[in-house]
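Trainee: Sequences listed follow chains A and B, in order. Letter 1 of the first sequence, counting from 1, is numbered 1 in the working numbering, and no numbers are missing. Letter 83 of the second sequence, counting from 1, is numbered 83 in the working numbering, and no numbers are missing.
Don't take each hint at face value.
Chain A regions said to be covered by chain B (calculated; three or more residues, Cβ under 8 Å) [as the list claims (entries may be wrong)]:
hint	stretch
1	72-86
2	190-201
Residues of chain B placed beyond 10 Å of chain A at every Cβ, according to the derived structure [as the list claims (entries may be wrong)]:
hint	residue
3	Pro154
4	Pro227
5	Glu229
Think of the hints as simulated: they come from the structure by calculation, not from any bench. This one's a predicted model, so the numbers in the text were calculated from it and none came from an experiment. We put the beta carbon where it would ideally sit given N, CA and C, even for glycine.
These are the residues of each chain, in order.
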Amino acid sequence: MFDLHGYGASVLEGAWLTLAVALASLLLAVVLGLAGAAAKLAPLRGLRALATVYTTLMRGMPDLVLMLLIFFGGQMLVNRITDALGWDYIDIDPFVAGVMTIGLIFGAYMTETFRGAILAVPKGQLEAGYAYGMNGWQVFRRILLPQMVRYALPGFGNNWLVLLKTTALVSVIGLDDMMRKASLAAGATRMPFTFYFVVALGFLAFTSVSVLLLRWAERRYSAGFVRREE
Amino acid sequence: MDFSAIWQNFDLYLGGLRLTLELVSGCLALGLTLAVPLGVLAVYGPLWVRVPIGIYSYCFRGTPLLVQMFLIYYGLGQFEAVQQSIFWPVLKEAYWCALISFTLNTGAYTVEIIRGAVATMPHGEIEAARACGMSTLLMLRRIVLPSALRRALPAYGNEVIFMLQGSSIASIITLVDLTGAARIINSRYYLPFEAFLTAGLLYMAITFVLVGGFRLLERRWFAHLRPREG
Numbered sequence: 001m002f003d004l005h006g007y008g009a010s011v012l013e014g015a016w017l018t019l020a021v022a023l024a025s026l027l028l029a030v031v032l033g034l035a036g037a038a039a040k041l042a043p044l045r046g047l048r049a050l051a052t053v054y055t056t057l058m059r060g061m062p063d064l065v066l067m068l069l070i071f072f073g074g075q076m077l078v079n080r081i082t083d084a085l086g087w088d089y090i091d092i093d094p095f096v097a098g099v100m101t102i103g104l105i106f107g108a109y110m111t112e113t114f115r116g117a118i119l120a121v122p123k124g125q126l127e128a129g130y131a132y133g134m135n136g137w138q139v140f141r142r143i144l145l146p147q148m149v150r151y152a153l154p155g156f157g158n159n160w161l162v163l164l165k166t167t168a169l170v171s172v173i174g175l176d177d178m179m180r181k182a183s184l185a186a187g188a189t190r191m192p193f194t195f196y197f198v199v200a201l202g203f204l205a206f207t208s209v210s211v212l213l214l215r216w217a218e219r220r221y222s223a224g225f226v227r228r229e230e
Numbered sequence: 001m002d003f004s005a006i007w008q009n010f011d012l013y014l015g016g017l018r019l020t021l022e023l024v025s026g027c028l029a030l031g032l033t034l035a036v037p038l039g040v041l042a043v044y045g046p047l048w049v050r051v052p053i054g055i056y057s058y059c060f061r062g063t064p065l066l067v068q069m070f071l072i073y074y075g076l077g078q079f080e081a082v083q084q085s086i087f088w089p090v091l092k093e094a095y096w097c098a099l100i101s102f103t104l105n106t107g108a109y110t111v112e113i114i115r116g117a118v119a120t121m122p123h124g125e126i127e128a129a130r131a132c133g134m135s136t137l138l139m140l141r142r143i144v145l146p147s148a149l150r151r152a153l154p155a156y157g158n159e160v161i162f163m164l165q166g167s168s169i170a171s172i173i174t175l176v177d178l179t180g181a182a183r184i185i186n187s188r189y190y191l192p193f194e195a196f197l198t199a200g201l202l203y204m205a206i207t208f209v210l211v212g213g214f215r216l217l218e219r220r221w222f223a224h225l226r227p228r229e230g
């Protein structure tokens, strides 16, 4: 059924890579987002300024420009370093470059989402935690995190959906994702519409499943809160 | 970093800037024209109109812009009928394909923004309009649209910025927009940092202008909601 003139398996393989890039980028974005949000709320002015520069740069430039900047620029930096150290030439892996770029960009969006979510948790609760003698990690793990998830989920969901669609761009820097596999198949079979349509359906499936999962998560993390009657 | 090559070729960037602004303003104007009636119909229209609008919006929001652009630019040529039709001189041009796909994409997001704003009209205002004997069209013109478009403004401002940044993918189908100019400079001089940073900073400058413009517009349109001074 999913033969597609013999290219079905290849496109499917690309779909897995797309998903892998997206999930790896998400992981990096969440880590950067938490660090960024912590920096933005830190008492140190330098740290706050650094986080602001990061989010402004990442959110002000297009994904594609940043991706090309990091891919080509990163390769140049690596070349200079290996030259200086007298090492052999190292090729930047497009998977790593793609994940780094998308993770860096969406880390900035996550920073804003998480910052808002942290601020939405009443401060008194955190102070109460400290008053009980919990340390910073315990307050984060037991009080801040469970409540901030609820506030962060809608923004997190949006970021994830945008991130997922941004992964289509990694084909530009030569990663064999679903988009590139489809391009190759389209060139060989002269059926571009068929293959790009399959890619569109693939992305639609990914986003639809994501929306359902996010809706379930939002319900779960809102348990115990009075829902507003609409 | 050596920006002298950039200054020597700044004309290329200015030309790219012009194309970017042209594409973005063009697709936003067309997309908004498409989205306002569709957004209203998505709330007030009969079921057989609401369902297709919902499907259009869902499909274009659920797939990457890059895939949509490729489907139109590379995909349509697959069909003999399209190649024979009078539209072919338009559809084989990268410029028009980019404009069409950007329009359909921003239209889909804008439909959803307008639909949300129209659907959340306070019910009392609708009842009041009906009680005054207004027809649906008159009510739309006098009551619903002025209020809904105003409330849609913040979300639409985000969409405009997303479209500006999304337009950078036009460079993938050979168009020399701002990103395309940077790619040419990078391949000619191998100056990835300088080339892409210049483009990125120009995008950022436009973003700031847009954010400032929308802030002014919001101040004006939401003047009645501002706390009184003095």
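Trainee: Which hint numbers does the structure go against, in order from smallest to largest?
Mentor: none
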